[in-house]
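S.K.: Between the sequences and the hints, there should be enough to build the whole structure, so can you do that?
Each residue of the sequence shown is one higher than the one before, counting from 12 in the numbering used here.
Fair warning: there could be bad hints in the mix.
Stated by the list, open to error - Here are the simulated DSSO-like cross-link-like pairs (lysine-lysine), alpha carbons at most 30 Å apart as the crow flies:
1. Lys174 x Lys150
2. Lys148 x Lys165
3. Lys180 x Lys150
4. Lys205 x Lys194
5. Lys150 x Lys165
6. Lys191 x Lys180
7. Lys242 x Lys267
8. Lys202 x Lys179
9. Lys202 x Lys191
10. Lys191 x Lys205
11. Lys191 x Lys150
12. Lys194 x Lys217
13. Lys217 x Lys205
14. Lys217 x Lys202
15. Lys206 x Lys217
16. Lys165 x Lys194
Stated by the list, open to error - Just the calculated beta-carbon pair ranges, DEER-fashion:
17. Ala251 x Arg219: 21 to 29 Å
18. Lys205 x Tyr182: 21 to 29 Å
19. Ile239 x Asp210: 38 to 46 Å
20. Asp210 x Gln278: 53 to 61 Å
21. Asp210 x Tyr182: 38 to 46 Å
22. Glu226 x Val71: 44 to 52 Å
The set of hints was computed from the structure by calculation and includes no laboratory data.
A virtual CB, placed ideally from N, CA and C, is assigned to each residue, including glycine.
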Amino acid sequence: MSIPKKRHYNGHQDTMVEASHRTSPDIMDVTYDEVSYDSYLSGVLNDFGIQFSPGRSSIVEIPEDDFEPLSKDENVSSPGGAPSPSDLDPSDLNREQFSSGSGATFLPLEYNGQFEESQAPSQSSVSSAGKKLRQKKPKVYDSLPFEDEEMERKRLNAITAKKNRDTKKMYMRTLEQTLKSMKTINKQCHKALKKTGTDVGMLHQKIRHLEETLERSTSQIRENNMEIRRKRERMNLLMAHLDIIISGFDDHNPAKRIITTLLKTFQTEDSSDEFQKEDSSYTSSRENSWYT
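M.R.: Written out as structure tokens, the structure reads:
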């Protein structure tokens, strides 16, 4: 996972499993409902530095306040984007840095580096630069109020134009920041979509595996029922033959009493098998209704 800025996101704990690349297989071992799905989706977005807006109508970046501070051993720049004194190089110092008033730098007193000698500017260049500074006219909008109505009108118009330019620049700067943020969000959303697509593919594989297992189990149950039916038919045929045999025996014949007892035992076992068959069919119907 890579994002433009170096950010340290806080851990996201859910009722569902933690949504990360390391725990993707665990997603198939949870209970699926609306709450767990929302929790999972929020966890995936947080992993990529984005989250739902308060109204869940859009996706925004995680605020800077939720980021962990950088470690102390990381380099920290001086205010205004200027480099720290320890990172300065003597060759980087020039007249423009001190005359511009922005990005000015300094060297510590204990600096022991080797300074390079530079040629002193000629008197003519110094005088020409001074003339340019003296000849620079102040901006009209920075001038004091004029007594002349025409000049005052021009000054007010210049002030209004300056405000309009500043407003336009601020608006453009805001649009640029918004565009940059939207590009980042779009990029992270594509990554989150790819992550959820992978998880959905894993769930489809799980569903196919369960369907194949159910089909094999159903086929095995069907074969077992057919085998039981064939055995019961043979048993019924055997009992019919025994009835025919004992019908020719005398009532006092011991063989008739033995066969009669055997037939009663077969009938008891057959009734027990019927009960088990009904219970098995009821359980199978419940399992099929659960899968469907």
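S.K.: Run every hint past the structure and note whether it holds.
M.R.: Comparing the hints with the structure gives:
Only pairs whose Cα atoms come within 30 Å are accepted, and Lys174 paired with Lys150 is accepted, the gap being roughly 14 Å. For the hint linking Lys148 to Lys165, the alpha-carbon distance of about 15 Å falls within 30 Å, and the restraint holds. Simply put, Lys180 and Lys150 have alpha-carbon atoms about 19 Å apart, close enough for the 30 Å limit, and the pair holds. About 17 Å separates the Cα atoms of Lys205 and Lys194, which keeps this hinted pair within 30 Å; it holds.
Annotation: proposed proximity of Lys150 to Lys165 holds, straight-line Cα distance about 11 Å (limit 30 Å). The straight-line distance between the Cα atoms of Lys191 and Lys180 is roughly 16 Å, inside the 30 Å bound, and the hint therefore holds. For the proposed pair Lys242 and Lys267, the alpha carbon gap of about 24 Å is at most 30 Å, so the pair holds. Between Lys202 and Lys179 the CA atoms are separated by roughly 35 Å; this puts the pair beyond 30 Å, and the hint is violated.
Of the supplied pair hints, the one linking Lys202 and Lys191 holds, its CA atoms being roughly 17 Å apart against a limit of 30 Å. With a C-alpha separation of about 21 Å, the suggested pairing of Lys191 with Lys205 holds against the 30 Å cut-off. Restraint check for Lys191 and Lys150: the C-alpha separation of about 34 Å exceeds 30 Å, so the hint is violated. Taking the CA atoms of Lys194 and Lys217, the gap is near 35 Å; set against the 30 Å cutoff, the hint is violated.
Between Lys217 and Lys205 the alpha-carbon distance is near 19 Å, which keeps this suggested pair within the 30 Å criterion. For a cut-off of 30 Å, the pair hint linking Lys217 to Lys202 stands: about 23 Å separates their Cα positions. Restraint check for Lys206 and Lys217: satisfied, since their Cα atoms lie roughly 17 Å apart, inside the 30 Å limit. Proposed proximity of Lys165 and Lys194 is contradicted: the alpha carbons are some 43 Å apart, above 30 Å.
About 48 Å separates the C-beta atoms of Ala251 and Arg219, a value inconsistent with the hinted range of 21 to 29 Å. Between Lys205 and Tyr182, the C-beta spacing of about 35 Å breaks the proposed range 21 to 29 Å. Restraint check, Ile239 to Asp210: a C-beta distance of roughly 43 Å satisfies the suggested window 38 to 46 Å. Look at Asp210 against Gln278: about 57 Å separates their beta carbons, and that is inside 53 to 61 Å.
Distance hint check for Asp210 and Tyr182: the Cβ-Cβ separation is about 41 Å, which falls inside the suggested range of 38 to 46 Å. Between Glu226 and Val71, the C-beta spacing of about 46 Å keeps the proposed range 44 to 52 Å intact.
Checked against the numbered hints given earlier, the structure breaks hints 8, 11, 12, 16, 17 and 18 and satisfies all the rest.
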